[in-house]
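Those sequence lines, one after another, are chains A and B.
180 is the number that this note's numbering gives to position 180 of the first sequence; each next residue is one higher, with no gaps.
1282 is the number that this note's numbering gives to position 282 of the second sequence; each next residue is one higher, with no gaps.
Honestly, the hints are just simulated from the structure, not real lab data.
One thing to keep in mind: the hints can contain errors.
Quick list of in silico lysine-lysine cross-link-like pairs, DSSO-like style, CA-CA up to 30 Å [unchecked claim]:
#, chain 1, residue 1, chain 2, residue 2
1, B, Lys1100, A, Lys106
2, B, Lys1225, B, Lys1052
3, B, Lys1288, A, Lys193
4, B, Lys1451, B, Lys1038
5, A, Lys69, B, Lys1419
6, A, Lys200, B, Lys1485
7, B, Lys1069, A, Lys69
8, A, Lys162, B, Lys1425
9, B, Lys1093, A, Lys162
10, B, Lys1202, A, Lys193
11, B, Lys1419, A, Lys135
12, B, Lys1222, A, Lys193
13, B, Lys1518, B, Lys1381
14, B, Lys1419, A, Lys193
All values derive from a computational prediction rather than experimental measurement.
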Amino acid sequence: MTKDQKTLTDESKRKFVKGLALLVGSTAATAFLTTKSMSVALAHTIESEKTIAVEPLTDGKVFSLNQLKQLKSICAIVIPKTDTLGAAEVNTHGFIDNQLFHCYDKSAQEKAKQLLSLINVVAEKVFSQSFIALKQTQQFELLTELDLGIKNFSSTERQDFKLLKQLICFGYYTSEVGASQELRYLAVPGGYKGSIAYEKTDASWGSQGLYY
Amino acid sequence: MSENLYINKSNEVYDAIVIGSGISGGWAAKEFCERGLKTLMIERGRVVEHQKDYIGENKAPWQQPLRTKVDNLLVKEQHQIQQQCYAFTDATKHFFGNDKDLPYTTAKNTNFTWIRANQLGGKSLLWHRQSYRLGDYDFAANKSDGFGNDWPIRHKDIDKWYSHVEKHAGISGSKDNLENLPDGEFLPPFEMNSPEKVLQAKFAELYPDRPLIMGRTAHLTKPTKLHLSQGRVQCQARDECQAGCSFGSYFSTQSSTLPAAAATNNLHIAPNSVVHSLIYDEKTNRVKGVRIIDNDDLSEREYFAKVVFVCASTIGSTQILMNSISKKFPNGIANSSGVLGHYLMDHNYNAGASGDIEGFEDEIDKGRRPTGLIMPNFYYKPDAKRNFLRGYALAGRAYREGWQSIQHQDGLGVEYKNKLKQAGKWRFGLYAQGEMLPRFENKMSLHPTLKDKWGMPQIEFDCHFSDNETNMMIDAAEQAEKMLKAVGLNNVQSRVMHGPPGLAIHELGTARMGRDAKTSILNAYNQSHDIPNLFVTDGASFCSSAVQNPSLTFMALTVRAVDYCVKEMNAKRI
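Chain A on its own, in the form it takes in the complex (with noise of 0.2 Å):
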């Protein structure tokens, strides 16, 4: 995390406190803030940066070894490092190996695993060696022909790669970093505003509620 973001989330926090003495008058809140209430209000501390392990070592629940490497570069072209981690940074090849195997069903799984077969199959065809071998420009290149659906891709292979990408997406993005750091977070946001400023250069929610 950056410092300004540390900054803020400490900010909101204070804030919040403050803003219960108001809200709730001095007593009430000595009393509320002893409470459960209180202990879930600060929940949100955003632990300080950690080690995430994310290089593949051994076969996935659902996935290969050679699969979830494969993946794992097939996250880093989707959503790249940039001022944040990227998909591949917070082992989001590892989360969809996960998920799949806890929440899809076989079929799902099956596809998934044929997406990468057939990614390799094209890599081998046009540039004669696997996808994880390529250089990121081709692999950018390549990825970038199925999620269009041309060249080498049909219609339905590019339909399979968006449910791919959903995937990525979500992990990516109900990830700590994704979530709070790449998005912006308010796990108690105090109230609701209709209108507050916004710049195009501003993170958009991270935090949904219940509804992700």
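Fit chain B to the supplied structure of chain A, relying on the hints for placement.
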């Protein structure tokens, strides 16, 4: 709360037994206790303590093993039905029933989604909190077109009881002075965002008889001294309500009625007590108590009281009545009319339209408002020119798209990531909430052979939407599309769906009120026509569904019934 709040065995004859601890049961218990009556609240499920047992609360998605989703295996084994509810997530799943233990059947070619919340607090923990009064056109609807029986009450009969519950529960909303949606005792409404304000003004100009108002909702936008004294504080706009709210900012049994009831020291609660049937004494024509099957070990016990309030949910209450068989009532207690189980209703959410709003790019809203806007039913006056009876409300809100919408676009890499980071275009939609006609043929009954693990006969539903509801949804989609185009939205798309009843989770009817004991179960005070010390005050008592979310009316009917019951007890008529 006293230490012995929870009981298991008891020979005491209570003044009142309240079956159920949800919205209706919580109110019944509070009102009895505050009038000095020793009250036993019976709950079939486990205890859920305020704050302590909200185990899914305030967890960020990355703190949840499947990032808010629920494991397939668990869904398949326990929640095939429940998972259809929009609020079923990892943070809330423990407040939904286990479908494996709660089987039911549906008649051939019909379907019914039955959402269950069998724990202390019931569905008051899971509800959507929209709170509206019924208007006089709603109470008169059955009489006017002949479907169903006439409600034995009008708004004036229940007005002060609505006020009573609104003040305690805390209902936010604007005073809109509408002919068929009476104003209440409101806390300030939630704010509208800018596009909503502009759309509201445009609607007012183009459709003066179709106002767009802020949703009225049971959230503390500005808590009163009473609310603060109960340990409830202002809504923090997390919109994670169904996980439980330690701030007590929305109305639930746990946040509002239960602490008030417990504070009197007149309350006891028997948790894990599945009511099998009511104990009826033919000689005195009174209900004496209830037979219980223990939720955990299936042992049997009984509880006794002078009066019994059945507040076990629409289906749950009627199931208990149907399973209470005696020589005098071979088809279910209090069922001399034969209408028990009939006139089952839900609301119909099968249409809507949405589109893009141009502009407003330099602003966004902040916080997650736990309500949207509503365009109340504008068809409340009967009109033979329409090809359906009754009407619908339209609900909606304006919001800026986020990554969940933008992710479907083409693109990869830095450009794609930056696009996903930014707020997208503003969207607005209107979604129908339609009235369902009361029809004799839409019914629930006890299955002749199948039983659940407690030995209760399973419910069989035979309920479907008719052409009237379908025609209404076609009209709703057309009207919503037309209006959204007229107020300037782009890319407007409408749709009509064909989902079965149940999923609005507004089950109503099956033990209806009425003036005539030959055609109804309950009188104007939710008292059984047949048995004076038996009351049913939840959704089962409804004569028509109206369009409004019904929970506020459950509350008002319940407190009114308790007031009446205690007066009758004091007058020795009960």
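Status of each hint after checking the structure:
no.: 1; hint: B:Lys1100 x A:Lys106; in the structure: 23 Å, holds
no.: 2; hint: B:Lys1225 x B:Lys1052; in the structure: 24 Å, holds
no.: 3; hint: B:Lys1288 x A:Lys193; in the structure: 53 Å, violated
no.: 4; hint: B:Lys1451 x B:Lys1038; in the structure: 34 Å, violated
no.: 5; hint: A:Lys69 x B:Lys1419; in the structure: 26 Å, holds
no.: 6; hint: A:Lys200 x B:Lys1485; in the structure: 27 Å, holds
no.: 7; hint: B:Lys1069 x A:Lys69; in the structure: 25 Å, holds
no.: 8; hint: A:Lys162 x B:Lys1425; in the structure: 21 Å, holds
no.: 9; hint: B:Lys1093 x A:Lys162; in the structure: 29 Å, holds
no.: 10; hint: B:Lys1202 x A:Lys193; in the structure: 22 Å, holds
no.: 11; hint: B:Lys1419 x A:Lys135; in the structure: 24 Å, holds
no.: 12; hint: B:Lys1222 x A:Lys193; in the structure: 14 Å, holds
no.: 13; hint: B:Lys1518 x B:Lys1381; in the structure: 29 Å, holds
no.: 14; hint: B:Lys1419 x A:Lys193; in the structure: 24 Å, holds
Hints 3, 4 from the earlier list are contradicted by this structure; the remaining hints agree with it.
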